[in-house]
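Mind docking chain A on chain B? Use the hints.
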Amino acid sequence: MDHKHPPIWAVRFLRWFCRETYLSEIEGDLFELYHIRAKKSERKANFFFVWNVVRSFRLINLKKNSMLNSTGMFRNYFKIGIRSLIKDRKFSFINLAGLSLGLAIFLAIVLLVQHELNFDTFHSKADRIYQVIQVFQNSDGDDPEIWTSSKLSEALRNDLSMVESAVSLNGAASTWVEANGKRFFEEDGIMSGPQFFEIFDFELVEGAPEEVMKNKRSVVITESLAKKYFGFEDPIGQEMEFRSYGRFTITGILKDIPANSYIQFNYILTQDLDVYFSQVSPGFRTFFLSWSGDPTATYVLLDDPASKENFESQISSLLKTYLGEDKEINRHYLLGLPDLHFNSHGIDGNINRYIKGDYKKVQILIGIAIIILAMACLNYINISTARYIKRTREVGVRKAMGAYNSQVTWQFLIESFLMVLVSFSVGIVLVYFLLPLFNKLTGIHLIFDFNALITVLPYFFATILLVTILAGFYPAFHLSRFPAVSVLKNLTVSVKGNGFLRRALVTVQYMFVITILASLIIVNQQYSFMSNKSLGFITDELVILEIDDGNVRNNYELFKSELLKHPDIKGVTGFTRMISGYRSGTSVSVNQLETPDEIVPMRFYGMDENGLSLLEFQLLYGQNFSGIHSLDSTSVFLNETAAEKYGGENIVGKFIEIEELGDDKLRAKVIGIVKDFHHQSLHAEIGPVVIGYYLNPLVSLDDIVIQLSGFNTLQTLEAIEQIHARYDTREMLTWEFMDDMVQRAYEDEQVFRNIFVGASILSFCIALLGMIGLTSYSITSKTKEIGIRKILGASFYSILNMETKELAKYLGVSTIIAIPISWWFTYTWLMNFEFRIGISPLTFIAVIAFILLATILVVFLVGRKVAASPPVEAIRYE
Amino acid sequence: MEYQLGEFEELVLLTVAAQHDTAYGVSILEFLSAETKKKINISAIHVALKRLQKKGFVNSREGGITAERGGRRKKYYVVTAYGKQVLDAQNNLRSRIYNKIPQISFSKV
Chain B
13 MDHKHPPIWA VRFLRWFCRE TYLSEIEGDL FELYHIRAKK SERKANFFFV
63 WNVVRSFRLI NLKKNSMLNS TGMFRNYFKI GIRSLIKDRK FSFINLAGLS
113 LGLAIFLAIV LLVQHELNFD TFHSKADRIY QVIQVFQNSD GDDPEIWTSS
163 KLSEALRNDL SMVESAVSLN GAASTWVEAN GKRFFEEDGI MSGPQFFEIF
213 DFELVEGAPE EVMKNKRSVV ITESLAKKYF GFEDPIGQEM EFRSYGRFTI
263 TGILKDIPAN SYIQFNYILT QDLDVYFSQV SPGFRTFFLS WSGDPTATYV
313 LLDDPASKEN FESQISSLLK TYLGEDKEIN RHYLLGLPDL HFNSHGIDGN
363 INRYIKGDYK KVQILIGIAI IILAMACLNY INISTARYIK RTREVGVRKA
413 MGAYNSQVTW QFLIESFLMV LVSFSVGIVL VYFLLPLFNK LTGIHLIFDF
463 NALITVLPYF FATILLVTIL AGFYPAFHLS RFPAVSVLKN LTVSVKGNGF
513 LRRALVTVQY MFVITILASL IIVNQQYSFM SNKSLGFITD ELVILEIDDG
563 NVRNNYELFK SELLKHPDIK GVTGFTRMIS GYRSGTSVSV NQLETPDEIV
613 PMRFYGMDEN GLSLLEFQLL YGQNFSGIHS LDSTSVFLNE TAAEKYGGEN
663 IVGKFIEIEE LGDDKLRAKV IGIVKDFHHQ SLHAEIGPVV IGYYLNPLVS
713 LDDIVIQLSG FNTLQTLEAI EQIHARYDTR EMLTWEFMDD MVQRAYEDEQ
763 VFRNIFVGAS ILSFCIALLG MIGLTSYSIT SKTKEIGIRK ILGASFYSIL
813 NMETKELAKY LGVSTIIAIP ISWWFTYTWL MNFEFRIGIS PLTFIAVIAF
863 ILLATILVVF LVGRKVAASP PVEAIRYE
Chain A
3 MEYQLGEFEE LVLLTVAAQH DTAYGVSILE FLSAETKKKI NISAIHVALK
53 RLQKKGFVNS REGGITAERG GRRKKYYVVT AYGKQVLDAQ NNLRSRIYNK
103 IPQISFSKV
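Chains B and A, in that order, are what the protein sequence lines are.
Residue numbering for the first sequence follows this note's numbering, beginning at 13 and increasing consecutively.
Residue numbering for the second sequence follows this note's numbering, beginning at 3 and increasing consecutively.
Same shape as in the complex, but just chain B (with noise of 0.2 Å):
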């Protein structure tokens, strides 16, 4: 006999599992394979013991156990958790309402974060994939933008062994497309080489990667776009007339692109010399093909993440190679895809229109995320342990016919654990039908994504039982630890402890309401200032017409007479690019005459004699434009913060120059200097601007700016269309209201705001609801004291007031608690403006009169009833 033993543990098992009957069989049985097998190998045995120890875990071999003797006390619960539920069916209502709608909001918003943060992740071979980013130098120092010479991939794919792949990118230029005898104008196109499917996993529905872009002028469309153009017909093979490019054959067609890809595309176009040239003139010719130009992003693939350093080094010979030695090399450099979302600020230069990401919104995002859940779970724990505070007397019964403290505790926590995971459930349904909502709130098309779910599930799981616990913990673990006859007798178990519970139940939920509401109030007040502040001219009722024909360029004063004829336009006048935050002036260096080297960087704009009294801009020194065209071209304005940088008014009447960067420099007069105005979004400070002429030798004439009457807005803008059609017979009139175009450099804000406001009024909505439930639960508690006292002679207004004065003592300690949150949570938020409104103490003021005349009227409505009830009922109450 050897002393071979099999785990202890497994042994265990099986003897606390396995029927007493049947034990002695099976643990023989077991022991002595084990004793067989461990001549050969202990290991072994001790596994196939195990094994077997598992495979005798059935459902005939086991004990029949005392918990289910008790499905009849189960029961039992399940019945009296249902009528308490029933009986305040009121407040459970707003209970469980809260909870669901809370989770709600949060799923919502951890899907749009699943979504911030899954950038570009959809493709297969995304660690590999890079952007290539070139370091151009100018004024301001390092200028990183995404565009290189067209040539750039070729070489790479040829000459440097860890490129797998490379491919280049354009963004195709907005224009008329015409198939199936239908005509749109599309935006939103891109151009790439053969290899782009090679590197992207963009999902085709019809045609195989390899084949779609291998012929030239082929084109590759979207689902929606196919359907718009060609409804259910088959689009392959079929022919699109691009007004820019030509004619294209379709041969292929993609899944809508994800609305997380960087690159955002309808159409891709096989990319060729001659589409190049069809876009441009033909003094472009260097620009898009030789090395010198940089036209197009490029995209390489690597061999292995590891190489990228390797990339890094041997770019810059190679670009000696085709560059020639003596040329000075712009610095390039690598930049991961799933990257480019979140760490490609400060690189010039987008495809097509994107959002780029912001992980200050997505850590803000989180915050609330988790506010609003903490604030939904609070809610629920405080008005369930409300409500568990009425079932005093049900421990009491149960207690006195014989219930052990562990069963009660049970009952409490799987009662507590069902309903929520109610709500949870509900929450769950909620967001999948609220989805639509919300992605028409944030203008990003979400989708209810299980995967992405399934990533918080953990924290989901951790959450519900968290809830569970707390929310039960009242009767769970305190009721059920007292003496069955004290429960009963006294009812209110230890009137100083429960009272305690209360006021701290309370005071937490006054500290939600108010901290909400506050932050709310101030975010909008910041977000009213921005779209009310005046930029330093006007916006309103202006049209911007985009000019991209130079027809109208070379007649624009024809053109401005003819508009002007026009009764209901007020006024005409052309710039270089009209001034919005959503689009930045040209950027130019700036130096004295006599200081050639002393340059100051700014952004310059063109304008006509009538810009600045149309649109009202403040001309603080010397004079307007002529009006001659010969000395108004060397004529500039500086701005305020310009005119500084030179002494201020003095710098009136002498000589600047301007260079746009490898342009000659133009020599102009200064001739005025202009109030500050806001030439860029209200998060940047006003930088120095120098306004010249719109014939200038810098920049062409391309917006031209019409000012309305305000009547007959739709009429004048078809006559508009009508004129321009005369000048430009090439091209549709594109037009843009001035308001509109100042909004869009918020756009994403909108967004932000949307999710916020939208987010605090539902979690406002919710905490409201907890603060009447908890109030009347506070008020109703007392009833019996409420008798009491009126016996004693109090009138029905004394006791209201005494209520309200009890629950003003909590507001008051909340307030303490909530307004340095707060402050604080605004405060740090508002920092991300340049131009913002301070912290008025009258917001908390506001917010504490409101949310007092609230507890007031509460404490009216609930108490209203209580305390006008004749003594003796409330003294029989309970």
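Check each hint, because a few of them may be wrong.
Unchecked claim - Label-pair restraints from in silico Cβ distances:
| id | chain 1 | residue 1 | chain 2 | residue 2 | range |
| --- | --- | --- | --- | --- | --- |
| 1 | B | Cys777 | A | Asn43 | 52 to 62 Å |
| 2 | B | Arg67 | A | Ala69 | 20 to 30 Å |
| 3 | A | Gly58 | B | Lys56 | 47 to 57 Å |
| 4 | B | Lys16 | A | Asn43 | 17 to 27 Å |
| 5 | A | Gly58 | B | His17 | 34 to 44 Å |
| 6 | B | Arg24 | A | Ser109 | 49 to 59 Å |
| 7 | B | Glu222 | A | Ser109 | 16 to 26 Å |
| 8 | B | Leu71 | A | Gly58 | 14 to 24 Å |
Keep in mind the hints are simulated off the structure, nothing from the lab.
Here a beta-carbon is modelled for each residue, glycine too, at the ideal position from N, C-alpha and C.
This is chain A only, laid out in the frame that chain B set:
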């Protein structure tokens, strides 16, 4: 005669009959593994034995204590008269049908 007997149960019942009065869990397992050349788990045999006993095909008695068995008694199984009848009936059924197979050569596939 009506009875329910699964394929594996039948094998176990046959083994119990063959190892008259000496059949217990491990012996049945070893016998069947050797005969069928298949891996069989002991718990499957336990379950089959319990079912056979419930149907009245086998009886059991407690044996002596041995050290290898961790101080547990063996449980010996014996086929009952009813169990033997079932085995006979099963055997008859099989051979009756078997004998109906025509004497021809079957195609190989």
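Given the hint of 49 to 59 Å, check if Arg24(B) and Ser109(A) actually sit that far apart at their C-beta atoms. At roughly 58 Å between Cβ atoms, Ser109(A) and Arg24(B) fall inside 49 to 59 Å, so the hint holds.
Could one say that the CB atoms of Leu71(B) and Gly58(A) fall in the range 14 to 24 Å? holds (22 Å)
Starting from the range 34 to 44 Å, see whether the pair Gly58(A) and His17(B) falls in it by beta-carbon distance. holds (38 Å)
Just tell me: holds or violated, for the beta carbon distance of Glu222(B) and Ser109(A) against 16 to 26 Å? violated (47 Å)
Between Cys777(B) and Asn43(A), does the beta-carbon spacing fit 52 to 62 Å? holds (60 Å)
Assessment of proposed distance window 20 to 30 Å (beta carbons of Arg67(B), Ala69(A)): The hinted range 20 to 30 Å holds for Arg67(B) and Ala69(A), with Cβ atoms some 24 Å apart.
Taking the CB of Gly58(A) and the CB of Lys56(B), does the distance hold inside 47 to 57 Å? About 39 Å separates the Cβ atoms of Gly58(A) and Lys56(B), which means 47 to 57 Å is violated.
That 17 to 27 Å hint for Lys16(B) and Asn43(A) (C-beta), does it hold up? Hint holds: Cβ distance 21 Å, inside 17 to 27 Å.
Hint violations for this structure: numbers 3 and 7, all remaining hints satisfied.
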